[in-house]
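Trainee: So the chains spell out like this:
There are 2 protein chains.
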Amino acid sequence: MVATDNFQKTSELAQFNLAAYLKEQKQLCDTALDQSIPVVYPEKIYEAMRYSLLAGGKRIRPILCLATSEMIGGTIEMAMPTACAVEMMHTMSLIHDDLPAMDNDDYRRGKLTNHKVYGEDIAILAGDGLLALSFEFVATQTPENVPPHRTLQVIARLGKALGAAGLVGGQVVDLECEGKTDTSLETLNFIHNHKTAALLEACVLCGGIIAGASPEDVKKLTRYSQNIGLAFQIIDDILDITSTQEQLGKTAGKDLTAQKVTYPSLWGIEESRVKAKQLVDEACAELASFGEKAVPLQAIAHFIINRNH
Amino acid sequence: MVATDNFQKTSELAQFNLAAYLKEQKQLCDTALDQSIPVVYPEKIYEAMRYSLLAGGKRIRPILCLATSEMIGGTIEMAMPTACAVEMMHTMSLIHDDLPAMDNDDYRRGKLTNHKVYGEDIAILAGDGLLALSFEFVATQTPENVPPHRTLQVIARLGKALGAAGLVGGQVVDLECEGKTDTSLETLNFIHNHKTAALLEACVLCGGIIAGASPEDVKKLTRYSQNIGLAFQIIDDILDITSTQEQLGKTAGKDLTAQKVTYPSLWGIEESRVKAKQLVDEACAELASFGEKAVPLQAIAHFIINRNH
Numbered sequence: 001m002v003a004t005d006n007f008q009k010t011s012e013l014a015q016f017n018l019a020a021y022l023k024e025q026k027q028l029c030d031t032a033l034d035q036s037i038p039v040v041y042p043e044k045i046y047e048a049m050r051y052s053l054l055a056g057g058k059r060i061r062p063i064l065c066l067a068t069s070e071m072i073g074g075t076i077e078m079a080m081p082t083a084c085a086v087e088m089m090h091t092m093s094l095i096h097d098d099l100p101a102m103d104n105d106d107y108r109r110g111k112l113t114n115h116k117v118y119g120e121d122i123a124i125l126a127g128d129g130l131l132a133l134s135f136e137f138v139a140t141q142t143p144e145n146v147p148p149h150r151t152l153q154v155i156a157r158l159g160k161a162l163g164a165a166g167l168v169g170g171q172v173v174d175l176e177c178e179g180k181t182d183t184s185l186e187t188l189n190f191i192h193n194h195k196t197a198a199l200l201e202a203c204v205l206c207g208g209i210i211a212g213a214s215p216e217d218v219k220k221l222t223r224y225s226q227n228i229g230l231a232f233q234i235i236d237d238i239l240d241i242t243s244t245q246e247q248l249g250k251t252a253g254k255d256l257t258a259q260k261v262t263y264p265s266l267w268g269i270e271e272s273r274v275k276a277k278q279l280v281d282e283a284c285a286e287l288a289s290f291g292e293k294a295v296p297l298q299a300i301a302h303f304i305i306n307r308n309h
Numbered sequence: 001m002v003a004t005d006n007f008q009k010t011s012e013l014a015q016f017n018l019a020a021y022l023k024e025q026k027q028l029c030d031t032a033l034d035q036s037i038p039v040v041y042p043e044k045i046y047e048a049m050r051y052s053l054l055a056g057g058k059r060i061r062p063i064l065c066l067a068t069s070e071m072i073g074g075t076i077e078m079a080m081p082t083a084c085a086v087e088m089m090h091t092m093s094l095i096h097d098d099l100p101a102m103d104n105d106d107y108r109r110g111k112l113t114n115h116k117v118y119g120e121d122i123a124i125l126a127g128d129g130l131l132a133l134s135f136e137f138v139a140t141q142t143p144e145n146v147p148p149h150r151t152l153q154v155i156a157r158l159g160k161a162l163g164a165a166g167l168v169g170g171q172v173v174d175l176e177c178e179g180k181t182d183t184s185l186e187t188l189n190f191i192h193n194h195k196t197a198a199l200l201e202a203c204v205l206c207g208g209i210i211a212g213a214s215p216e217d218v219k220k221l222t223r224y225s226q227n228i229g230l231a232f233q234i235i236d237d238i239l240d241i242t243s244t245q246e247q248l249g250k251t252a253g254k255d256l257t258a259q260k261v262t263y264p265s266l267w268g269i270e271e272s273r274v275k276a277k278q279l280v281d282e283a284c285a286e287l288a289s290f291g292e293k294a295v296p297l298q299a300i301a302h303f304i305i306n307r308n309h
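Chains A and B supply the protein sequences, listed in that same order. Numbers 1 to 309, taken from this note's numbering, label the letters of the first sequence in order. Numbers 1 to 309, taken from this note's numbering, label the letters of the second sequence in order.
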């Protein structure tokens, strides 16, 4: 599937080489993440943290953060510590979600999950260590040309996106709904707004804040990121049904097996695709005023609904 | 046991009513902690977080933070968000430590542990939620008369104290040593420097930094806190042997059952007490230049070795 299928027919978008852009940004992120965690005594915990953090992944979250910083007029360097932090947070949530007491998953990104390699105790601590490091990293590594009050705002938003009012809260409701077949659309929206969209939103907003986004910019970025967050989850649900385990890199068909209510189970696959496309079009329209500077974020939005893993 | 037994014979220390001071500061902390977490949808996670955070405890960590801020010339108000954060972090570490995959404890502070009440999945998430909130809380609640660069320094120190270079790293080595009877003094020191002393040190230093401590102040505070951190752990080890479960509020004699190497097992109980007393005397001497302003921190240091639970 070609990532440019659904692009708005503007010349900038049509000419933009998203694949090359994503590859380049991913390499920058991978290098920064690799350097973010040394291996010192006690080696096991650092290795466990690195195992999951460097296990691949598309790095969509840090790339969103970097792209937004650049759109608003900041630099990659200003946003890189925050970009690394969001990937650490995302990884921490995956490690804890995969635990036997939670989703009990053996595979993630095509590799054994953290607790299958290092044991449950170390996996819990590796998640805690990544979470602590993420905040420390933003506080210590953000360059001096970012005013400290902006960095504090970033930390506040990241904490909220991750905590009970964000990812953690979404996961709690998700656990409560497991095995139920009568979950309402309202509840499903709550789960995804918190479990997936909150951190994606934080990636975009924090990239913007670091670069000095105005209150008006923040509003646009909020609407952009909420739309792509929901679209992202709808596509995830569809992929869980239509993909093979090999494509997905994790156990496929888990939602069906768990009798989870998902967007495709409520709307059907085709209608779900239409809704996702609509959300992405609206997201791109929000950024129209940024002109060609918005092209990377617009292209990423389209990529989200055209990916196959 | 009277907490003033081992006081330096200065008139300020002799006259200082530590019991009244601790009671008053604890009430301030309990009120602030109670207000720090609302109960909103999904209630279960907020209740789980509150259950452990408000389960009592002496609030030694937040009180150290507040007392240091006042000694350096700051206020209670400036340091309270950080004081709450260190208690959230401490609570998070207890919740995760008590999990079946870790220390597998059923009781803590005389109450059922978090996972015994809410289940393992919620207990993991409650810890994650407290950790995320702790950083968010410092970033959003620290009053405006604290310059943002100080607040960033606090967040950096808290992150380090909690992560692989601090509490998490200490816990990893502790887990590795379980069941071993040949743990060296060096390893034992590593465990306690990281598992206990690192966060105590952060409490003191962060209270100082918020109030504008000079580099020279920071050095004194570091030596004070490292000494009381180690003394604290030595006394904890002694209490594990000499106390009843009722006094301790958690399972007593666990270290013996687990054949853990502890300070009393290396030095004997009496020699351990002597070392703890020495450490506390040195800690108090470090603060001599602060005159009578140092009295609360000096009294707390003595309290640490004279407590019986």
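No lab work stands behind these hints, which were simulated from the structure alone. Remember, it's a predicted structure, so these values are computed and weren't measured experimentally. Don't take each hint at face value.
Each pair may be met inside one copy or between any two copies, as identical chains are not told apart.
[Unchecked claim] Restricting the straight-line Cα-Cα distance to at most 25 Å, the calculated cross-link-like pairs of lysine to any residue (SDA-like) are:
#1 K44 to E176
#2 K116 to E178
#3 K277 to I76
#4 K116 to E271
#5 K44 to A156
#6 K160 to H149
#7 K275 to D30
#8 K160 to Q141
#9 K180 to D121
#10 K180 to V117
#11 K160 to P38
#12 K180 to Y46
#13 K160 to E47
#14 K58 to T75
#15 K219 to E77
#16 K180 to S243
Trainee: Please write out, lowest number first, the hints stated earlier that are contradicted by the structure.
Mentor: Those not satisfied are hints 3, 4 and 7.
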